[in-house]
Amino acid sequence: MSRRLEGGGALASAVLLFELLLGLLLLTGCWNRRELNELAIAAAMGMDKAADGYRISIQIINPGEIAAKKGGGMMSPVVTYAASGHTVMDALRKMSTEMPREIYLAHLRILVIGESLARQGIGKVLDVLSRYHEVRTDFHIVAARDRTAEEVLSSLTALEKIPANRLYTSLDLSEKIWATTGKTNLDTLISAIGSEGQGAVMTGIEIVGDPENGRTVEQLKRTTPSPLLRFSGLGVMRQDKLEGWLGERESKGLGYTRGNLAGAPISFPCPRGGYIGVELIRMKSDVRGEVKAGKPVGSVRIRAEGNLSEVECETDVLKLGSISELEKETENEIRTSVLEAVRRVQREYRSDIFGFGEALHRAKPAAWKKWKRDWPRMFAGLEVKVNVDVKIRRIGTVGDPVVQKLEE
Amino acid sequence: MTTPASAPVSVRQFTILVFLYTVGTTILVIPAGLAAVAKQDAWIASLLGLLFNLAAVFFYLRFSRSFPDMTLAQYYERVYGRWLGKLFTLSFVFFSFIGAATVLFYLGNFINTQVMPKTPIQAISILFILIVAMGLRLGLEAIAKAGEILFPWIVLLFFILIACLLPQVEVHKLLPMFEADVSSLLKGAVSVTGTSALPFIVFLMFYPAFVANRKKAGRGFVAGTIAGGLFIAAITFLSVAVLGADISERQMYPSFSLAKRINIGNFFARVEILIAAIWFITVYFKILFYLYGCVAGLAQLLGIGDYRALVLPMGMILVVYSQVVYPNVVYAAEFDRTVWIPYILTYGLVIPIATWAVGRLRHRMRGKPTATSGDVGE
Amino acid sequence: MKRGVLKLLLKAGKRIRRSSHPTSEPSVAPRAQETGLDRRFEQISTALGASSDLVLKEIRLGGAAGPRVGAAYLDGLSDTRQLFQSLHGNDRPLEEWLNASPEAVLEELRRTVLAVGDIKVIDGIENAVPAVLAGETALFADGCAQALTLGTSGGEKRGVEEPNTQSVIRGPREGFTELLRTNTALVRRKIRDARLRIDGRQIGRVTKTDVAVMYLKGFASEAVVAEVHDRLDRIDTDAILESGYIEEFIQDHAFSPFPTIYNTERPDTVAAGLLEGRVAIFVNGTPFVLLVPALFTQYFQAPEDYYQRADFSSLLRILRLTSFFVALLAPSLYIAVTTFHQELLPTPLLIGLAGQREGVPFPAFIEALMMEITFEILREAGVRMPKAIGQSVSIVGTLVIGQAAVEAGLVSPAMVIVVSITAISNFVVPAFNMAISLRILRFLFMGVAASFGLFGVVVGLIGLVLHLCSLKSFGVSYMAPYAPLIRADQKDSLLRLPVWALRTRPRSIPNSNPVRQAPKGGNPS
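Residue numbers (the numbering used here), protein chains in the order written: chain E, 94 to 501; chain W, 4 to 381; chain G, 315 to 839.
Don't read these hints as lab results, they were simulated from the structure. Careful, some of the hints might be misleading.
[Said to hold, decoys possible] Listed below are the simulated DSSO-like cross-link pairs for lysine-lysine, each with C-alpha atoms no more than 27 Å apart in a straight line:
1. E:Lys385 to E:Lys334
2. G:Lys504 to G:Lys371
3. W:Lys190 to E:Lys462
4. E:Lys457 to W:Lys190
5. G:Lys805 to W:Lys219
6. W:Lys190 to E:Lys217
7. E:Lys334 to E:Lys462
8. E:Lys334 to W:Lys176
9. E:Lys465 to W:Lys219
10. E:Lys217 to W:Lys121
11. W:Lys176 to E:Lys465
12. E:Lys217 to E:Lys187
13. E:Lys465 to E:Lys334
14. G:Lys471 to G:Lys701
15. W:Lys176 to E:Lys457
16. E:Lys388 to E:Lys463
17. W:Lys190 to E:Lys463
18. E:Lys462 to W:Lys176
19. E:Lys142 to E:Lys334
20. W:Lys121 to E:Lys377
21. E:Lys478 to E:Lys463
22. E:Lys217 to E:Lys142
23. W:Lys121 to E:Lys187
24. E:Lys385 to E:Lys457
25. W:Lys176 to E:Lys478
26. W:Lys176 to E:Lys388
27. G:Lys371 to G:Lys434
28. W:Lys190 to E:Lys385
29. E:Lys463 to W:Lys219
Put together the whole structure using the sequences plus the hints.
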């Protein structure tokens with residue numbers, strides 16, 4: 094049993110460690126240590142084209158104002174800064190001349206890209222973001238429709254103290270229950286840009302009302318704040334360039350092919366006026382690429398489940414036949430909106446945002462290799478089949494519609 | 004005393020050390036390289052790499068049977084005679100030293116790139132080397148036990164990683180399967196073996212001699228290699244299936260980006276630094292054993308009985324050398340792609356095979372192995 | 315020349331020695347005078363420097379004319395009432411006493427008269443002095459060369475009370491006292507087995523403290539027992555005032571914040587330890603008994619674990635380990651995350667924390683250091699203060715730290731929460747000496763966290779694990795049964811299985827009797 098053998102060594106190393114620590118503590122001031130109150134936490138970032146490069150705007154959170162339990166409301170909870178530069182980093186650094194704190198990008202919730210920059214191509218700015226270690230990939234990327242990103246950022250909106258966070262959560266929410274928007278983050282955008290067989294989309298954001306009004310805190314105090322920021326439609330990208338916008342119905346159609354549409358309401362007119370609404374609660378879709386007779390064929394198979402949500406006409410809901418009829422109607426509605434979206438994209442934008450190319454790649458790698466180079470052209474003439482299967486399970490908490498009783 | 008084994012390292016501990024050593028550096032670096040050559044089939048390449056690893060380990064087991072009570076350096080001297088043997092040992096010392104330096108560079112580079120860009124890499128290296136030196140000075144027994152304590156934590160973190168990422172696996176990112184041709188799969192597999200299995204050569208500085216129950220330890224060697232290989236394969240699989248082949252390829256450290264993806268209901272998110280702990284711990288053992296090979300070989304070379312005195316000086320030289328071993332990251336990547344494989348093949352395979360062959364030849368010529376040379380264990 | 319000087323010096327030395335002789339020689343000289351009672355009293359009085367607590371009492375047996383006997387004892391150390399009752403109450407006729415020789419008187423006293431246990435016959439005054447110092451009474455008969463020492467040790471002592479350091483909700487309430495004999499008896503009462511061995515010895519040249527080594531023969535490993543004796547033999551010091559002295563002398567690693575010798579105030583813990591093959595070291599004068607070998611995991615086990623239900627105890631042990639990590643790492647993790655890895659925080663939390671920190675003038679590390687040190691000061695003050703004042707100090711402390719500092723903007727509320735959680739978690743660790751090591755290490759971890767963030771913390775943890783793995787307690791791996799992993803011992807380490815499942819003794823502690831009980835067959839379930 095060897096005792097006290099290591100004793101001396103341990104003491105020596107303990108002393109060494111202690112001295113080292115002491116030295117380090119004195120040295121580390123200029124290293125990576127940043128106190129929380131030295132950070133300018135950026136919640137949103139906007140990118141626009143400028144005459145000589147980029148104009149970057151950043152919405153900084155004022156934590157003191159947000160966290161204050163009492164006595165808040167004197168200052169705006171967020172501050173927006175903007176600067177231009179040849180490169181993104183250049184602009185960011187310039188901004189720090191008017192800011193006492195260091196811009197911290199890890200908590201970025203949303204990146205708004207001005208339409209003109211988006212149309213010009215965003216590949217270069219995305220490189221900066223993916224290279225910079227502080228930036229994560231979990232924020233949403235949206236395009237400012239007809240506006241500059243700076244204008245969007247400076248339009249405060251109510252409900253949440255941090256507008257960017259509000260945009261983030263409402264994007265999450267609207268994707269779930271409205272479905273004309275799509276979450277796009279850095280990774281999906283970058284991999285779509287790099288891929289021949291899968292195009293990207295970006296959700297558009299627009300300002301309703303006068304952007305000037307949004308700059309003041311007073312807006313927060315009104316019940317109907319103006320202006321409002323609103324998500325509207327999807328922007329279709331070809332490689333890294335924004336090509337154009339999809340309408341509401343087409344956006345839905347794209348959403349159906351991606352299967353991320355649970356909860357989206359579908360409505361269609363009754364034979365004698367009024368509407369019937371169906372709420373989809375579950376959806377699975379499958380995009381495939383096949384080769385038929387030496388030609389690529391795309392197909393979408395969608396299976397959905399839904400509930401009856403509103404009935405404005407006098408159908409006998411409780412009859413077996415009427416449900417299957419409803420199912421047919423819903424299937425039709427979905428099929429047409431998908432087909433419309435496909436047609437429009439094929440005709441106008443020629444960017445395979447549905448991913449038929451990738452599907453073909455997965456299914457028939459050899460054929461894909463042959464067509465890869467020429468895919469945008471092939472896609473424009475691609476034959477697309479849509480197969481929809483809808484099941485309506487429940488009809489809500491009542492049976493026959495209220496209207497039926499009225500008629501009697 | 005009633006302790007079951009007098010050897011400093013038990014079979015279980017040895018298995019764990021093999022596992023940790025296999026995983027160190029490999030998990031952070033390899034997925035990107037594999038995705039670059041084999042795209043979505045990267046995980047197949049890593050499984051193939053596991054087979055290669057096993058082949059290498061079987062050879063090491065075979066090889067080490069020739070010197071059950073000796074270290075590799077001692078065996079070099081026995082096979083090649085005193086002076087030639089010392090030359091081989093010297094080259095081995097250099098090899099382990101450079102190995103340690105490259106791993107240390109990787110560690111500092113990773114932290115500088117991903118976590119703390121403004122902290123000087125020297126400070127990071129010094130802190131790490133201090134703790135490595137502490138381990139080496141405490142000796143193999145403490146190191147082996149520490150591995151045993153840390154291992155469950157690594158496994159736990161690993162399962163957290165897997166469990167949190169499984170919902171994000173997208174099978175279509177793996178398709179089409181078997182698109183990569185055989186040569187690129189092989190290329191990937193060799194790179195796996197080059198970073199994970201061939202460095203086992205430094206284990207031969209203590210493997211048969213200081214490990215209890217040689218027969219079972221051999222099985223432990225294999226088991227540890229398989230576990231480590233599967234671990235690497237799992238991480239590679241997740242990289243491809245969650246991030247996609249193109250992003251895995253673009254990332255400098257895909258497994259770290261992978262961990263960044265963890266998000267369970269917006270509250271268990273942003274935990275990548277915890278996952279990085281896996282890497283810090285496994286890299287710790289990797290550097291530690293490289294440096295062990297270096298100082299133990301050097302002690303043998305200089306005829307010093309105890310390597311402990313050499314640990315701190317060599318550690319300090321190592322810190323300095325790790326700053327200059329690669330001038331920049333691009334060079335490091337280039338070195339890994341072009342030079343490392345032939346380099347490690349030379350030290351990890353060619354020289355041992357040659358030694359093994361020469362040893363067997365001499366054994367057959369002289370009859371008894373004990374009669375070969377008397378000037379060994381001084 | 316040189317040699318001459320040397321000779322002179324030697325001669326001088328001889329002269330001095332010779333001159334010292336005459337003074338000591340007369341004391342050995344006439345034998346008759348030597349054995350006289352007065353002379354005895356004088357001798358013993360001189361030996362103790364005429365201490366005022368020395369009581370010399372003379373009694374005549376069988377009445378005023380009887381033979382003289384004398385008792386010498388230290389007041390307060392000895393309980394002599396029985397002794398004098400039996401001396402005065404003897405009803406032997408005077409003639410019998412007068413006819414007996416002094417030796418016969420002494421023999422008669424020893425055999426029949428004295429109602430005192432543990433009587434020894436000794437020769438000479440030099441053996442009487444240590445006995446008197448130990449609280450015994452020396453009994454001299456006038457003219458007799460021999461004397462008796464009577465085991466009358468007693469006097470004021472604390473009773474058996476509930477231990478302060480390891481209190482339980484369910485379980486025995488008795489704790490050790492300052493008296494070695496009481497303590498060994500408390501354990502013997504729990505283990506009525508002939509194999510329970512107590513080896514006594516004295517350590518300390520001046521204090522001559524009684525130390526007893528207790529173990530179960532056939533249970534404890536012979537090697538460990540021998541090692542304990544060997545290490546105790548090597549202690550050569552003036553004084554042993556508490557078992558802490560012994561602990562520092564015999565522990566394996568002098569420079570480690572972790573205790574490698576367990577101490578307890580509870581007889582049931584010692585009994586359980588002995589039954590697991592451990593060796594206990596009792597030291598007179600302290601209620602803290604040492605138990606070796608000690609394992610890391612032992613410090614997270616409370617005696618109560620075995621008295622409460624198994625599932626509950628297992629969960630408690632997990633809770634304790636968790637609090638160990640919280641107490642060790644909470645401030646350093648807070649520092650690392652808020653100053654290096656802000657990206658790890660969820661956005662709302664980050665904003666909340668940043669809002670709290672607005673206006674706090676110090677870096678998080680200094681803030682944490684200040685708060686931790688303040689807390690340590692308060693705690694130390696609370697321990698040393700009289701109990702009544704301690705209460706008010708803690709109130710002031712909570713007010714000062716908890717509210718005034720926050721409201722003054724010196725610290726952020728989050729930091730107060732972190733420090734309080736750390737402090738509370740620290741108290742969950744059942745063993746005080748382990749809790750101390752946590753308090754030390756916490757500051758180290760705060761240091762590495764402040765300079766290297768979580769990387770520093772991980773490196774620190776690797777170092778900590780290495781250090782723990784290098785520790786040994788009497789040749790036993792400190793981290794056993796985790797490293798080396800002993801599967802059979804997992805039944806009672808982090809988890810505690812039901813008592814009937816604890817069939818074998820822990821293998822982590824070397825023992826020579828592995829099986830504890832019959833398999834569960836006989837148990838109703």
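Hints, one by one, checked against the model:
1. E:Lys385 to E:Lys334: violated (32 Å)
2. G:Lys504 to G:Lys371: violated (41 Å)
3. W:Lys190 to E:Lys462: holds (22 Å)
4. E:Lys457 to W:Lys190: holds (25 Å)
5. G:Lys805 to W:Lys219: holds (25 Å)
6. W:Lys190 to E:Lys217: Between lysine 190 of chain W and lysine 217 of chain E the Cα gap is close to 32 Å, so the pair fails against 27 Å, i.e. violated.
7. E:Lys334 to E:Lys462: Distance of about 24 Å is within 27 Å: holds.
8. E:Lys334 to W:Lys176: holds (24 Å)
9. E:Lys465 to W:Lys219: Violated: lysine 465 of chain E and lysine 219 of chain W sit about 54 Å apart, past 27 Å.
10. E:Lys217 to W:Lys121: holds (25 Å)
11. W:Lys176 to E:Lys465: With a Cα-Cα distance of about 17 Å, the restraint between lysine 176 of chain W and lysine 465 of chain E holds, given a limit of 27 Å.
12. E:Lys217 to E:Lys187: The given pair, whose Cα atoms are some 19 Å apart, holds under the 27 Å limit.
13. E:Lys465 to E:Lys334: holds (19 Å)
14. G:Lys471 to G:Lys701: Within the cut-off at roughly 22 Å; holds.
15. W:Lys176 to E:Lys457: Status holds; Cα separation ~14 Å.
16. E:Lys388 to E:Lys463: holds (11 Å)
17. W:Lys190 to E:Lys463: holds (25 Å)
18. E:Lys462 to W:Lys176: holds (17 Å)
19. E:Lys142 to E:Lys334: OK: lysine 142 of chain E and lysine 334 of chain E at ~13 Å, within 27 Å.
20. W:Lys121 to E:Lys377: violated (47 Å)
21. E:Lys478 to E:Lys463: Given pair lysine 478 of chain E, lysine 463 of chain E holds - Cα atoms ~22 Å apart, limit 27 Å.
22. E:Lys217 to E:Lys142: holds (12 Å)
23. W:Lys121 to E:Lys187: Distance ~20 Å between lysine 121 of chain W and lysine 187 of chain E Cα, so the pair holds.
24. E:Lys385 to E:Lys457: Holds, because 11 Å separates the two Cα atoms, which is no more than 27 Å.
25. W:Lys176 to E:Lys478: Roughly 23 Å separates the two Cα atoms, so the pair holds.
26. W:Lys176 to E:Lys388: holds (24 Å)
27. G:Lys371 to G:Lys434: Roughly 19 Å between the alpha carbons, so the hint for lysine 371 of chain G and lysine 434 of chain G holds.
28. W:Lys190 to E:Lys385: violated (36 Å)
29. E:Lys463 to W:Lys219: Roughly 54 Å between the alpha carbons, so the hint for lysine 463 of chain E and lysine 219 of chain W is violated.
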